[in-house]
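K.L.:
Residue strings, one per chain:
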Amino acid sequence: MPKNKNTKKNPKPKKNNEEKALKKNFREKMAEILELPKEVMLDVPKITMIGYRNIIVENYKALVEYENGRIKLNTSIGIIKIIGNALVIKAITSEDVLLEGEIDSLEFLK
Amino acid sequence: MLLLRLWNYIRGYVIIVVKGYFPEKFINICMHRKIFLWDIKRLKNNEIICSLSIKSFRNLRAVAKKTKSRVSIRKKTGLPFVLNRYKHRKAFLIGAVVFIAALYIITSFVWSVEIDGNKNLNTDYLQHKLADMGIKPGTLKFGIDPDLVANRMILDVKGLAWVGITVKGTKVKVSISEGVTPPELVPKNIPCDIIASKDGVIKTVTAKSGQEMVKAGDTVVKGQVLVSGRMLNTEVKDEQPRFVHAIGTVIARTWYEERCPVNIHPVEKERTGQVENNYALLLFGKKIKLFPGKIKFENSDRVEINKSLSIGKDMVLPFGIIIEKYYENRLTVKELDLDIAKKAAADTAYKQIMKQVGDESKIVKAETRFIDDEKGKLTACVTAECNENIGITQEIGGN
Chain X
1 MPKNKNTKKN PKPKKNNEEK ALKKNFREKM AEILELPKEV MLDVPKITMI
51 GYRNIIVENY KALVEYENGR IKLNTSIGII KIIGNALVIK AITSEDVLLE
101 GEIDSLEFLK
Chain F
1 MLLLRLWNYI RGYVIIVVKG YFPEKFINIC MHRKIFLWDI KRLKNNEIIC
51 SLSIKSFRNL RAVAKKTKSR VSIRKKTGLP FVLNRYKHRK AFLIGAVVFI
101 AALYIITSFV WSVEIDGNKN LNTDYLQHKL ADMGIKPGTL KFGIDPDLVA
151 NRMILDVKGL AWVGITVKGT KVKVSISEGV TPPELVPKNI PCDIIASKDG
201 VIKTVTAKSG QEMVKAGDTV VKGQVLVSGR MLNTEVKDEQ PRFVHAIGTV
251 IARTWYEERC PVNIHPVEKE RTGQVENNYA LLLFGKKIKL FPGKIKFENS
301 DRVEINKSLS IGKDMVLPFG IIIEKYYENR LTVKELDLDI AKKAAADTAY
351 KQIMKQVGDE SKIVKAETRF IDDEKGKLTA CVTAECNENI GITQEIGGN
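Those protein sequence lines, which keep their order, are chains X and F. Note that the working numbering has the first sequence beginning at 1, numbered continuously upward. Note that the working numbering has the second sequence beginning at 1, numbered continuously upward.
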């Protein structure tokens, strides 16, 4: 119950946060109960990797940085940083990106 | 992915190079405006290379302006560009269409009729019959009803047991199976006689049923009744005769004679090895001689080689080339020994007899004589004596 303590101390901005968290919690539970895909219900990105050569990021928001060896994608849960070699955007739509290249690491910048 | 690539090719796309300070921004705005990019690659100096459809390329200018980037086309790919190139080449297009149309028209005719399976029937005769029914080089193949023609062939041509006609490409294949017409047999329940099929001297008569009319040693002529199906009652004179189906074998001695002149100076052909070729073009069944020239050989054998153009095995086209090869012959008159010439003449005569004598009969004795005519020419005369069954059935009262 440390969260309750916090709300008491600084009620206004944190309350909003808590409401959001509650809403999210509720949605997550609903998704679990109804067995619905979570990325649709929760508006989070879905990341699929095929080996280390391909990566598909669905439900992204924007391309933040694009270099040969580094790609940053903005999503609802923060920025996803992909480090690799000779990264090519094979296909891109307003919702998903398909990257190809030698991927070294994947990092979440929350 | 292959399907997508093919789709993109059909629709046409351009590969562009975008130069600007924030390529990420450019891509993001493109996505916003539903301008879809693919195969995006980062180059040096703030440049990216990417592909996009022709349609969305038109909307790209506004984006470029907004992001202050410069767009240049690297390559145009796809079917629309290829077609555009051929738009001005009208003759080429017309040629292509005419070629396809001509090929289609040519292949909708029959250009070759192949007959196989015939042994005794003449191929020319069969071809003539087929032509009467509408199957000949130059007819439209859609107008051919193979089953109908096959049935009519069986009815029209005697000696055919089965006819199969298949139209394949521009070729009509006629497969024939010849049947042996069965001898006209008189059914068992109908009374009949046994008569002589040829002249001869009776050797043995064995009648299983019916009345023997001849005995061994009798001379019979063709058509004579040998075993009668009319059984006369010997005891009661007035009673009507009983009619039976005569069965029996009548073996008779028959004679065959063949003559062949003796040739002491036979002419022999020998190929000298000299060959002359004559070429002719074959167009739509018509022969066009290419270099008509006289063959200088006095005596030669002619061999025709027919080569017709065809697509695959069955699409025979009505174009071809005919090579006529003439092989020169040297004629030499040989001087043969009289005995050898005589023997050769006798052999030919004997062979001719063998052809006449049926398989079931056998030659008992063969005699060779040589006749001298007034001019001094010799003729071999072979007489062969056979034993054979000369009895054939014939209905009583019939012809």
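What the hints contain is simulated information worked out from the structure, not anything from laboratory work. This one's a predicted model, so the numbers in the text were calculated from it and none came from an experiment. Just to be clear, a hint being listed does not mean it is correct.
[Said to hold, decoys possible] Using C-beta positions, here's what the derived DEER-type ranges look like:
#1 F:Val82 x X:Val40: 57 to 63 Å
#2 X:Glu107 x F:Leu93: 53 to 59 Å
#3 X:Lys29 x F:Lys65: 47 to 53 Å
#4 F:Thr77 x X:Glu107: 35 to 41 Å
#5 F:Lys68 x X:Glu107: 28 to 34 Å
#6 X:Leu106 x F:Ile73: 31 to 37 Å
#7 F:Thr77 x X:Leu106: 42 to 48 Å
#8 F:Thr77 x X:Leu36: 39 to 45 Å
Idealized CB from N, CA, C, for every residue including glycine.
K.L.:
Need the list of violated hint numbers for this structure, in ascending order.
P.N.:
Going through the list in order, the structure violates hints 1 and 7 and respects the others.
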